[in-house]
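Sequences are here, hints too, so could you generate the full structure?
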Amino acid sequence: MTKCCSATKMNYLLRNSRRGSGLRKPIINVLVVLALAGFFYFFAPRLANQSLYAFARPIWSARDYVTGLLANLKSLFSSKETLAAQNLSLERKLKEARVALLDLDAYRKENDELKRLLGRNPAEKKVLALILAKPNRSLYDTLVLDVGANQGVKEGDKVYYGDFVIGAVRAVYAGYSKAVLASSAGETLTVRIATSSIDTEAAGRGGGNFIAKLPKEIPIKLGDLIKSVGPEPRFFGAVEDIERTETSSFQFVLFKLPVNINTLEWVEVSLN
Amino acid sequence: MKIENSGKFTKQRIVLDAILILGVFVAPLWLVCLAAIVCLFLFDNFYESIFLAIMIDGLYGAPSRFFPIAAIYTVTASVLFIAAVLLKKHLRF
Numbered sequence: 053m054t055k056c057c058s059a060t061k062m063n064y065l066l067r068n069s070r071r072g073s074g075l076r077k078p079i080i081n082v083l084v085v086l087a088l089a090g091f092f093y094f095f096a097p098r099l100a101n102q103s104l105y106a107f108a109r110p111i112w113s114a115r116d117y118v119t120g121l122l123a124n125l126k127s128l129f130s131s132k133e134t135l136a137a138q139n140l141s142l143e144r145k146l147k148e149a150r151v152a153l154l155d156l157d158a159y160r161k162e163n164d165e166l167k168r169l170l171g172r173n174p175a176e177k178k179v180l181a182l183i184l185a186k187p188n189r190s191l192y193d194t195l196v197l198d199v200g201a202n203q204g205v206k207e208g209d210k211v212y213y214g215d216f217v218i219g220a221v222r223a224v225y226a227g228y229s230k231a232v233l234a235s236s237a238g239e240t241l242t243v244r245i246a247t248s249s250i251d252t253e254a255a256g257r258g259g260g261n262f263i264a265k266l267p268k269e270i271p272i273k274l275g276d277l278i279k280s281v282g283p284e285p286r287f288f289g290a291v292e293d294i295e296r297t298e299t300s301s302f303q304f305v306l307f308k309l310p311v312n313i314n315t316l317e318w319v320e321v322s323l324n
Numbered sequence: 557m558k559i560e561n562s563g564k565f566t567k568q569r570i571v572l573d574a575i576l577i578l579g580v581f582v583a584p585l586w587l588v589c590l591a592a593i594v595c596l597f598l599f600d601n602f603y604e605s606i607f608l609a610i611m612i613d614g615l616y617g618a619p620s621r622f623f624p625i626a627a628i629y630t631v632t633a634s635v636l637f638i639a640a641v642l643l644k645k646h647l648r649f
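Residue numbers (our numbering), protein chains in the order written: chain A, 53 to 324; chain B, 557 to 649.
Source of the hints: derived by calculation from the structure; they are not laboratory data. Since the structure is predicted, the reported quantities are computational estimates derived from the model, not experimental observations. Don't take every hint at face value.
Stated by the list, open to error - Calculated lysine-lysine pairs in the DSBU-like style (CA-CA distance at most 35 angstroms, straight line):
id	chain 1	residue 1	chain 2	residue 2
1	A	Lys167	A	Lys178
2	A	Lys132	B	Lys567
3	A	Lys77	A	Lys178
4	B	Lys645	B	Lys567
5	A	Lys145	A	Lys279
6	A	Lys77	A	Lys167
7	A	Lys77	B	Lys567
8	B	Lys645	A	Lys77
9	A	Lys279	A	Lys186
10	B	Lys645	A	Lys186
11	A	Lys210	A	Lys186
12	A	Lys147	A	Lys186
In structure tokens, the structure reads:
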């Protein structure tokens with residue numbers, strides 16, 4: 053009987069199984085990392101971000117240099133005829149744009165003169181900013197700009213491309229700032245469409261696109277300019293599409309910025 | 557498929573970390589995220605994925621209406637890290 057018992061192998065699960073304990077350590081470590089990140093986010097945000105941007109700036113400059121070189125190389129492989137045709141087409145477009153600009157300059161001067169006579173002459177100070185990182189890089193619809201508190205930029209300052217508002221500064225550091233695009237999902241702004249006197253709220257849909265809801269009776273047509281409310285209206289875009297249904301009493305106006313954000317290199321930040 | 561000595565900081569892991577960090581600045585972020593997710597399964601305790609996510613949130617993140625704190629990538633990376641640890645325990649890795 054003793055021989056029989058000694059030959060038996062014990063084959064049952066031990067009471068104190070260590071199988072579950074492997075998850076506790078990683079979770080604790082993750083929480084510690086998150087706590088450290090949270091500490092820097094809430095108590096020393098400028099220190100952490102400033103160091104990051106100081107590290108990123110030369111890398112971004114090198115990236116832009118290489119991208120520029122590759123773009124020039126691409127043209128070496130295009131045929132002469134294609135390049136010549138492209139050149140002619142661009143020259144023609146440039147001539148048309150110059151003619152249109154002559155009128156625009158005259159109207160702008162007249163507008164400024166009228167405002168001056170009426171006692172409305174706000175001098176808007178702007179600073180030119182290089183875009184270091186564009187919104188197509190991450191889920192955040194943000195522009196990283198090379199101007200910050202040192203150049204007088206503050207949170208809430210508007211970012212322009214020409215006369216079009218493309219966003220507002222949301223975070224400012226010493227030599228850098230982050231601007232959230234006006235068209236980011238979740239962002240809303242009060243606008244006025246074309247010559248209507250009705251203010252409506254437009255919501256961003258990402259990628260430079262907006263949607264606004266208006267009563268159906270208001271006449272809107274494609275190409276109408278969307279502007280901000282106030283004595284110094286700024287533009288947000290032009291109407292691209294209008295959605296109307298028979299049953300609804302509203303129409304949905306879809307508009308977008310006239311420029312492709314992803315191809316921009318410079319913007320202006322208003323310091324007012 | 558697991559890499560030999562995947563829990564330790566081998567040359568492979570250090571080179572990969574350097575490439576991923578560089579990728580945060582120059583490469584499309586979807587590519588960096590995909591590579592980080594693959595590394596979560598190739599290596600043990602790939603905490604670098606959380607640090608990468610913190611870098612991305614720091615560089616490009618800004619508070620918005622939906623996310624008052626710019627931490628989308630950090631939270632997602634933390635959840636994926638825990639999920640990877642759980643999955644690896646139950647799968648043959």
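Comparing the hints with the structure gives:
Between the alpha carbons of lysine 167(A) and lysine 178(A) the distance comes to roughly 19 angstroms, so the proposed pair stays at or under 35 angstroms and holds. The suggested pairing of lysine 132(A) with lysine 567(B) is violated, with an alpha-carbon distance near 49 angstroms, which exceeds 35 angstroms. Proposed proximity of lysine 77(A) and lysine 178(A) is contradicted: the alpha carbons are some 52 angstroms apart, above 35 angstroms. A C-alpha spacing of about 25 angstroms is found between lysine 645(B) and lysine 567(B), which places the hinted pair at or below 35 angstroms, so the restraint holds.
Using a Cα cut-off of 35 angstroms, the hinted pair lysine 145(A) and lysine 279(A) holds, with the two alpha carbons roughly 26 angstroms apart. At roughly 68 angstroms between alpha-carbon atoms, lysine 77(A) and lysine 167(A) are farther apart than 35 angstroms, so this suggested pair is violated. Among the hinted pairs, lysine 77(A) with lysine 567(B) is consistent with the structure: their alpha-carbon atoms are about 25 angstroms apart, no more than 35 angstroms. With a C-alpha separation of about 14 angstroms, the suggested pairing of lysine 645(B) with lysine 77(A) holds against the 35 angstroms cut-off.
The hinted pair formed by lysine 279(A) and lysine 186(A) meets the criterion: a straight-line CA distance of about 24 angstroms does not exceed 35 angstroms. Between lysine 645(B) and lysine 186(A) the alpha-carbon distance is near 40 angstroms, which puts this suggested pair outside the 35 angstroms criterion. For the hint pairing lysine 210(A) with lysine 186(A), the CA-to-CA distance comes to about 17 angstroms; that is within 35 angstroms, so the pair holds. With a CA separation close to 30 angstroms, the supplied pair lysine 147(A) and lysine 186(A) stays within the 35 angstroms bound.
Comparing the model with each earlier hint shows violations of hints 2, 3, 6, 10; every other hint is respected.
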